[in-house]
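Chains as they are written, first to last, in our numbering: chain U, 1 to 321; chain L, 1 to 321.
If you are wondering where the hints come from, they were derived from the structure by calculation, not from laboratory data.
Listed next, the in silico DMTMM-like pairs over lysine to aspartate or glutamate satisfying Cα-Cα at most 20 Å (straight line): (1) U/Lys80 to L/Glu260; (2) U/Lys294 to L/Asp158; (3) L/Lys294 to U/Asp158; (4) L/Lys285 to U/Asp177.
Number of protein chains: 2
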Amino acid sequence: MDVSNELAIGIDIGGTNTKYGIVNHRGEILQKGEIKTEQYPAIGTFIDALYEKLNPVIKSLNKKNVLGIGIGAPNGNFYKGTIEYAPNLKWKGIIPLAKLMTDKFDLPAALTNDANAAAVGEMMYGAARGMRDFIMMTLGTGVGSGIVANGELILGHDGFAGELGHTIVVPGGRLHDGTGMHGSLEVYASATGVARTAVEMMAQFNDESLLKKYSTKEIDSRIVYECAVKGDVLAKKVYSYTGKILGEALANFVMFSSPEAIILFGGLTKAGDMIMKPTRENMEKNLLPIFQNKVKLIFSELKESDAAILGASALVWEMKK
Amino acid sequence: MDVSNELAIGIDIGGTNTKYGIVNHRGEILQKGEIKTEQYPAIGTFIDALYEKLNPVIKSLNKKNVLGIGIGAPNGNFYKGTIEYAPNLKWKGIIPLAKLMTDKFDLPAALTNDANAAAVGEMMYGAARGMRDFIMMTLGTGVGSGIVANGELILGHDGFAGELGHTIVVPGGRLHDGTGMHGSLEVYASATGVARTAVEMMAQFNDESLLKKYSTKEIDSRIVYECAVKGDVLAKKVYSYTGKILGEALANFVMFSSPEAIILFGGLTKAGDMIMKPTRENMEKNLLPIFQNKVKLIFSELKESDAAILGASALVWEMKK
Numbered sequence: 001m002d003v004s005n006e007l008a009i010g011i012d013i014g015g016t017n018t019k020y021g022i023v024n025h026r027g028e029i030l031q032k033g034e035i036k037t038e039q040y041p042a043i044g045t046f047i048d049a050l051y052e053k054l055n056p057v058i059k060s061l062n063k064k065n066v067l068g069i070g071i072g073a074p075n076g077n078f079y080k081g082t083i084e085y086a087p088n089l090k091w092k093g094i095i096p097l098a099k100l101m102t103d104k105f106d107l108p109a110a111l112t113n114d115a116n117a118a119a120v121g122e123m124m125y126g127a128a129r130g131m132r133d134f135i136m137m138t139l140g141t142g143v144g145s146g147i148v149a150n151g152e153l154i155l156g157h158d159g160f161a162g163e164l165g166h167t168i169v170v171p172g173g174r175l176h177d178g179t180g181m182h183g184s185l186e187v188y189a190s191a192t193g194v195a196r197t198a199v200e201m202m203a204q205f206n207d208e209s210l211l212k213k214y215s216t217k218e219i220d221s222r223i224v225y226e227c228a229v230k231g232d233v234l235a236k237k238v239y240s241y242t243g244k245i246l247g248e249a250l251a252n253f254v255m256f257s258s259p260e261a262i263i264l265f266g267g268l269t270k271a272g273d274m275i276m277k278p279t280r281e282n283m284e285k286n287l288l289p290i291f292q293n294k295v296k297l298i299f300s301e302l303k304e305s306d307a308a309i310l311g312a313s314a315l316v317w318e319m320k321k
Numbered sequence: 001m002d003v004s005n006e007l008a009i010g011i012d013i014g015g016t017n018t019k020y021g022i023v024n025h026r027g028e029i030l031q032k033g034e035i036k037t038e039q040y041p042a043i044g045t046f047i048d049a050l051y052e053k054l055n056p057v058i059k060s061l062n063k064k065n066v067l068g069i070g071i072g073a074p075n076g077n078f079y080k081g082t083i084e085y086a087p088n089l090k091w092k093g094i095i096p097l098a099k100l101m102t103d104k105f106d107l108p109a110a111l112t113n114d115a116n117a118a119a120v121g122e123m124m125y126g127a128a129r130g131m132r133d134f135i136m137m138t139l140g141t142g143v144g145s146g147i148v149a150n151g152e153l154i155l156g157h158d159g160f161a162g163e164l165g166h167t168i169v170v171p172g173g174r175l176h177d178g179t180g181m182h183g184s185l186e187v188y189a190s191a192t193g194v195a196r197t198a199v200e201m202m203a204q205f206n207d208e209s210l211l212k213k214y215s216t217k218e219i220d221s222r223i224v225y226e227c228a229v230k231g232d233v234l235a236k237k238v239y240s241y242t243g244k245i246l247g248e249a250l251a252n253f254v255m256f257s258s259p260e261a262i263i264l265f266g267g268l269t270k271a272g273d274m275i276m277k278p279t280r281e282n283m284e285k286n287l288l289p290i291f292q293n294k295v296k297l298i299f300s301e302l303k304e305s306d307a308a309i310l311g312a313s314a315l316v317w318e319m320k321k
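Excised from the complex, chain U in its bound form (with noise of 0.2 Å):
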């Protein structure tokens, strides 16, 4: 068979949204689509839904070219193809996904975490080409990562590695809703972590500011952003102490697997050299000299939307090997 005609789907589950897309060997998303996964309480009725917009598609592209599925969704497991106690998703316990998938289109499905997938879209297709050991950061209404060493994603020994926006980063912190935990990464470095950020430092500031025209309830990271955007001085600061917080936790992350880069990724990257020029200035003051002035920190290459699908469908060849 001529792999050039080969193709792969790759579905990206989140919260809100479910996105899919089918792609070439090229990195080419031929077409597109998604459905809201919260108007699908029942897992059953999920995959119907998803089956009713791509069969058609399917078939029009000539099945037997079509070689898989790959998933990322959160809380994915690698090795044993299934969805478990993702908070943010209303699936409860743990969904076996990737058979599900199978069952339904006749094709071979894998899956992992979103985050993952994200970092294997990366490095197939993006600003990791060519790269043994980095990390990916995935910074939006959570933060989470995905973790290459060797050439290799490390999935660990149950396929649950690469939690890094649950890592503690400032003991008896901020509480996490979700978790119960306290300080970790994800409370601060995270879009609803801007927001309260924000709200914490309004009631300290006395100064006149852009955000003091907002209630704490209205204040979102979309609107620290344009704030910051119009130079607000407050606003700029809640990326400065983001940045100081998500900097020191870098450090801890290069001293584990010493990556040749670090890649951010979603939607606190828009606010660009706001939230990068003080990540960077922390991780390195964080870091012994060995490390200091060696690890690239940048941007994903990559559409937000694009990354996880791509990086979904990347599985599908792995399948192959």
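Guided by the hints, dock chain L onto chain U, whose structure is given.
Here is chain L on its own, set in the frame of chain U:
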């Protein structure tokens, strides 16, 4: 050639002593010995001294059976065969040790850091036999680590991965004299850390304690251990606190690489349950539920003096592959 006759030299370079052994494929150390590292401020005379000790042994064992030399050393770099800026050694700057050894002994030589060597020793002959994902923590004068994921040592892009003793666990905490960093794991979970904790706690402890018979200058980890064994409340508190910090750090490491086991090694492990119990409790308390009650927290099964020699010698078998 009969593989069963093959031998490897393993050398473990420490700040005080350098230990060496001739090892066979079964992990038996046929001959061993040591020299005082400190007595050789010049690398050339150090190598000469090793040669004087080892060469007669190599000759007596039939040189062609000896395949090569593996070395574990602080700040040892596998990729470059160098020791770089090791704070506890007298040789400053970058020492191309693998090349110097090959020149002198006319044998291939490979080098990695001492904790990595211990991890490999544990994987081949100790508590980590058969494991593909584990972390070795060496808790001695300092704190080192060797990380194995997907069955391979994590070396990082530059060969310096696994410096977990220098990760920050108490932001703004104790000063590390050697690195200038504040609150790194090494200033708490090492022999010197235990002594510092004892001194700090004595100042705030109003009840009787055996420790109070000693001046703050006299207090060292051996004295704390002996007092704790005698049931001294304050000395036992020192271990509880050390275990708390260590457990919190280990939880973060687990969420990075999700190892099957964490293996504790080195002087601090002598304290047995006094250190193990609080470490385990605080590790579990700081883990996400998906990681809880899964990670084996165990002591090394190798004699401290043997693990690093065995691991270093294993580099030689790896070279052959």
